[in-house]
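Q: Sequence:
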Amino acid sequence: MGCFIAKLKGEDDRWYKLVDQEGNEDYEGISLTDAIEYDPNNTEAGQWFYVPKFNEKEGFLPLLDLDFDVAELDSLSGEQFADHHIDFIAFLHEHRYYIQKFTKGNFLKKKWFAWNGDAVEYFEKDGLIYLNPLPNCIYDNQNKRIYFMDIAKAYAMFGNLKLDYKEATAEETAQMLQTDIIQAVNFDASGVGVSNRKRITSILTKYNQYDRDKKKTLKDYIKNTVGDNLPFDEATGKFSVSNDAQLRLLLYGIQQRFYQPPLEEEVQVATATTGISKLL
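Take 6 as the starting number for the sequence shown in the working numbering and just add one per residue.
Misleading hints may appear alongside valid ones.
[Claimed, not checked] Heads up, simulated DSS-like pairs for lysine-lysine below, C-alpha to C-alpha not over 25 Å straight-line:
{"#": "1", "residue 1": "243", "residue 2": "224"}
{"#": "2", "residue 1": "219", "residue 2": "158"}
{"#": "3", "residue 1": "203", "residue 2": "171"}
{"#": "4", "residue 1": "158", "residue 2": "171"}
{"#": "5", "residue 1": "62", "residue 2": "158"}
{"#": "6", "residue 1": "203", "residue 2": "158"}
Just so you know, these hints were derived from the structure itself, not from any lab.
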């Protein structure tokens, strides 16, 4: 049995209790035995990766190593629950935190029919929180490793996280600029900075594996979140990129790192600390 705890937006030093002495078969059934150390060039689907000594990495939340008694935690209030103050939820079980980032999509309003033995009944319920079968990431506070299947989901949790990427070669950078999502305008590989070269190593292979439908969904996501900050040509289906800052914006989009906090007007990156306007 484990417990569900929550971290609220803007509060990085305390947990709130949701429920205690509960199980989660999805999470407890996850095996990390075959996890391998993270390599940005390895994009194998369904593979668990890990980063060692995560507690020493930039972006680590000391909250994950906090020594606490669940029984002494404050419970989440109805206002905090209903007003979408939750940043993420963790299921703590046997020294592992199964962590899920929260977005608007996790808050559901359900309507359904059910048979009561004599007749069909109609039910309606809102204020539901949906838990994904797989967490964004798992932190083991004994071996100090963070585990994930998708690095983009780890970045969504820890906006300041920086892992050691291999820089893309000039050839790989040129290939990125020639993909079917980019229209380089008076811009080539020589103008791509080190940070973006490191991002390209984790993005290029994965993007090229997407089928047409996934690429269209990704482009729609980027258009809807980035807006006029990155011109999009409907005829070619490409985003115009004329400098390194615009390329960074597009790469963040491909990593699906954008979201809009419920009380904010501007779309932000990762952990509500960086607005799109600050990237350009």
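Q: Each of the hints needs a verdict: does it hold here or not?
A: Hints and how they fare:
no. : hint         : verdict
1   : 243 with 224 : holds (8 Å)
2   : 219 with 158 : holds (17 Å)
3   : 203 with 171 : holds (6 Å)
4   : 158 with 171 : holds (19 Å)
5   : 62 with 158  : holds (17 Å)
6   : 203 with 158 : holds (17 Å)
Checked against the numbered hints listed earlier, the structure breaks none of them; every hint is satisfied.
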